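Q: Residue strings, one per chain:
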Amino acid sequence: MLDRRTLLNTSAAATAVSAVSAPHKVTSKDALNNLQHDIEPRGSLPEGRVEKLPELDMESRLDFAQAFRKWSLRDFGRNNLKQLYGILEDQNIDPTNSPPIEKLLEIIGDDPNIYTAMRCKTTVQQIMWKNLVDGFHAHKDLYLAELASAEGQGPGTLELNPTLNIPEYAKHEIHIQPGGYIGDPLGGYVYHYGVNVFTLDLNSEDIFHRSLADIVPVPEDGKMNSFLDLGTGIAQLPLAMKERFPNADIWGIDTAAPMLRYGHMRAVELGLDINLCQRLAEDTQFESNSFDVITAYILFHEVPTEDTRKILSEVKRILRPGGVFFPVDFKTYDQRPPSANSRLNQWWDHVYNNEVWTEEYRDSNFSELMREAGLIVNENAPTLSKNFWNSLMATKKA
Amino acid sequence: MSNKSKTPHTHREDSIPPQTPDVFLGNPVIDNVMSSMIALGSEFWALQRRMNIVETLLEKNGSVTNEMIEGYQPTDDETSAWNNQRDRFIKRVYGFLQNNNSDNKKDS
Ligand SMILES: C[S@@+](CC[C@H](N)C(=O)[O-])C[C@H]1O[C@@H](n2cnc3c(N)ncnc32)[C@H](O)[C@@H]1O
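Taken in order, these protein sequences are the chains called F and V. According to the working numbering, the first sequence is numbered sequentially starting from 1. According to the working numbering, the second sequence is numbered sequentially starting from 1.
Because the hints were derived from the structure by calculation, they are not lab data. Take these hints with a grain of salt, some might be off.
So the derived label-pair ranges between C-beta atoms look like this [unchecked claim]: (1) V:Lys91 with F:Pro337: 28 to 36 Å; (2) F:Gln91 with V:Asp76: 45 to 53 Å; (3) V:Ser80 with F:Glu106: 16 to 24 Å; (4) F:Lys397 with V:Asp76: 45 to 53 Å.
Straight line, CA to CA, 16 Å or less: simulated EDC-like cross-link-like pairs of lysine to aspartate or glutamate [stated by the list, open to error]: (5) F:Lys223 with F:Asp249; (6) F:Lys130 with V:Glu43; (7) F:Lys103 with F:Asp90; (8) F:Lys331 with F:Asp363; (9) F:Lys316 with F:Asp283; (10) F:Lys331 with F:Glu379; (11) F:Lys397 with F:Glu220; (12) F:Lys171 with V:Glu78; (13) F:Lys310 with F:Asp283; (14) F:Lys386 with F:Glu368; (15) F:Lys310 with F:Glu379; (16) F:Lys52 with V:Glu70; (17) F:Lys130 with F:Asp57; (18) F:Lys331 with F:Asp283; (19) F:Lys171 with V:Asp14; (20) V:Lys60 with V:Asp87; (21) F:Lys82 with F:Asp94; (22) F:Lys52 with V:Glu67; (23) V:Lys91 with F:Asp75; (24) F:Lys331 with F:Glu287; (25) F:Lys70 with V:Asp87.
As the structure is a computational prediction, the values presented were derived from the model and not from experiment. All C-beta atoms, glycine included, are put in the ideal place defined by N, C-alpha and C.
Modelling step: build the complete structure from the supplied sequences, incorporating the hints.
A: The structure is reproduced here in structure tokens:
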């Protein structure tokens, strides 16, 4: 499985890690004498873009998790839905326009099926993370070495700042991922495979982010030389944007080092020149008018409204006149009032999937927030699903 | 050694875990038993899938090594047959959870 050469490289990389001090900036210039960074014990998925998990059983458990999740949502969930809508209709309540969650929960009472389905959804989420965390950590030294060795390589750059003052809201273990985005050095690996299960898209080879990159709007004057992704996570969108715009300067920032380190490792592996920095979206450190296009994919539902305001005024500052802002996220309640089903699912997501800020986000009016920040809003932006996503974009006055 | 910063550049210790206990079924013991039961299904499926691979390899080659098993990439036909086998397993075993004996039941 893991060969001897890989093992030998490990100790060299581990030494490199211990030499690091803050703030830590790595560029291709620091290359660590041809360290082989790629640890791929079981090869990659058919397209060659995403590595297979390091153990067959891990892959199988993930396969089960995805199928069980699908069953609890679609099969079991749909049965429950029929039942719940029946109860609501009996009480002359329109199920497509949900009462507030307190009222809905009161009506549901202690319905065993609805709560059993929630148990299933929660447990499968826990099993899924446990499997990934245990599995990657069983090979921890090797994966840490892989990350460390990629830090010394290009293409692309990685700037880490261990002393960054991360706001409290960004420290929560969202999606109940153990350690969240910041607390597990292998969090990037865990997130990548975990989120594919959550989105029922296990074999995705970045397919979603590649499709998203295809529809990112460009400024009216056609100039697209510089791009920034806020809350970039493991940098799947910047990677896909580099493929669409090979000559543009592509940047991504995030508060979480484990996510960025993994993203940089993949950039090296895929040979894509992108720049990743551990910085705050509300204080990006970029010069005013720097970017032609700025995106944020599923960032804002994880941010309190107060801080969203700060991020939006920072966007306004660093976007160049005529530049485009494309914040892709879930619909807010003002865009579509929730059905009883989505109200209940979103409550589960908020309380048991630890989406701490998502209800506050859904209660906000995002178009209005962008207007308050001085941006010109377009509520008919390109979207991969009109029913699901917010379809918003904004521009800065030319 | 530099004592500039004790925070490693790899991760931090101050992530905030979920605050609400995940008890849905009125008694945490029942919740725990349910979770173990679902986790066993996950382990069972890992064994079943391994068995499928071993059988497939034996049929094709007459012998197997651990490396062949770990590295096996199922064909599209195998993947769809195994997905079907997995989904039937889930329905057979966990379909019981859908039995409804509650007062809330609208129609039977
Ligand atoms: C749901 S993840 C989305 C990641 C990525 N956009 C993707 O496509 O998967 C949200 C990300 O936002 C980051 N984040 C949260 N608050 C932030 C902030 N104030 N500044 C920068 N990044 C932030 C988190 O660390 C996390 O990686």
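Q: Now tell me if each hint is right for this structure.
A: Here's how the hints hold up against the structure:
Taking 28 to 36 Å as the suggested C-beta distance range, the pair lysine 91 (chain V) and proline 337 (chain F) conforms, at roughly 34 Å. About 49 Å separates the C-beta atoms of glutamine 91 (chain F) and aspartate 76 (chain V), a value consistent with the hinted range of 45 to 53 Å. Between serine 80 (chain V) and glutamate 106 (chain F) the CB atoms are about 44 Å apart, so this pair departs from the stated range of 16 to 24 Å. A C-beta distance of roughly 52 Å is found between lysine 397 (chain F) and aspartate 76 (chain V), which places it inside the suggested range of 45 to 53 Å.
With a C-alpha separation of about 12 Å, the suggested pairing of lysine 223 (chain F) with aspartate 249 (chain F) holds against the 16 Å cut-off. Annotation: proposed proximity of lysine 130 (chain F) to glutamate 43 (chain V) holds, straight-line Cα distance about 12 Å (limit 16 Å). Taking the CA atoms of lysine 103 (chain F) and aspartate 90 (chain F), the gap is about 15 Å. The hint holds against a cut of 16 Å. Annotation: proposed proximity of lysine 331 (chain F) to aspartate 363 (chain F) holds, straight-line Cα distance about 10 Å (limit 16 Å).
For the suggested pair lysine 316 (chain F) and aspartate 283 (chain F), the alpha carbons sit about 12 Å apart, so the restraint of at most 16 Å is met. With a C-alpha separation of about 11 Å, the suggested pair lysine 331 (chain F) and glutamate 379 (chain F) falls inside the 16 Å cut-off, and the hint holds. Proposed proximity of lysine 397 (chain F) and glutamate 220 (chain F) is supported: the alpha carbons are some 11 Å apart, at most 16 Å. For the hint pairing lysine 171 (chain F) with glutamate 78 (chain V), the CA-to-CA distance comes to about 42 Å; that exceeds 16 Å, so the pair is violated.
This hinted pair checks out: lysine 310 (chain F) and aspartate 283 (chain F) have alpha carbons roughly 8 Å apart, not beyond 16 Å. Under the criterion of a C-alpha separation no larger than 16 Å, the hint pairing lysine 386 (chain F) with glutamate 368 (chain F) is inconsistent with the structure, at around 19 Å. As the CA atoms of lysine 310 (chain F) and glutamate 379 (chain F) are separated by approximately 21 Å, the hinted pair breaks the 16 Å bound. For the proposed pair lysine 52 (chain F) and glutamate 70 (chain V), the alpha carbon gap of about 10 Å is at most 16 Å, so the pair holds.
Pair hint lysine 130 (chain F) plus aspartate 57 (chain F) holds up; C-alpha atoms about 13 Å apart against a cutoff of 16 Å. Taking the CA atoms of lysine 331 (chain F) and aspartate 283 (chain F), the gap is near 26 Å; set against the 16 Å cutoff, the hint is violated. Distance hint between lysine 171 (chain F) and aspartate 14 (chain V) is fulfilled; the C-alpha atoms sit about 7 Å from each other, no more than 16 Å. As the CA atoms of lysine 60 (chain V) and aspartate 87 (chain V) are separated by approximately 26 Å, the hinted pair breaks the 16 Å bound.
For the suggested pair lysine 82 (chain F) and aspartate 94 (chain F), the alpha carbons sit about 13 Å apart, so the restraint of at most 16 Å is met. Restraint check for lysine 52 (chain F) and glutamate 67 (chain V): the C-alpha separation of about 14 Å stays at or below 16 Å, so the hint holds. Restraint check for lysine 91 (chain V) and aspartate 75 (chain F): satisfied, since their Cα atoms lie roughly 9 Å apart, inside the 16 Å limit. Proximity of lysine 331 (chain F) to glutamate 287 (chain F) is assessed by CA-CA distance (about 31 Å); at most 16 Å being required, the pair is judged violated.
The straight-line distance between the Cα atoms of lysine 70 (chain F) and aspartate 87 (chain V) is roughly 10 Å, inside the 16 Å bound, and the hint therefore holds.
Violated hints for the displayed structure, listed by number in ascending order: 3, 12, 14, 15, 18, 20, 24.
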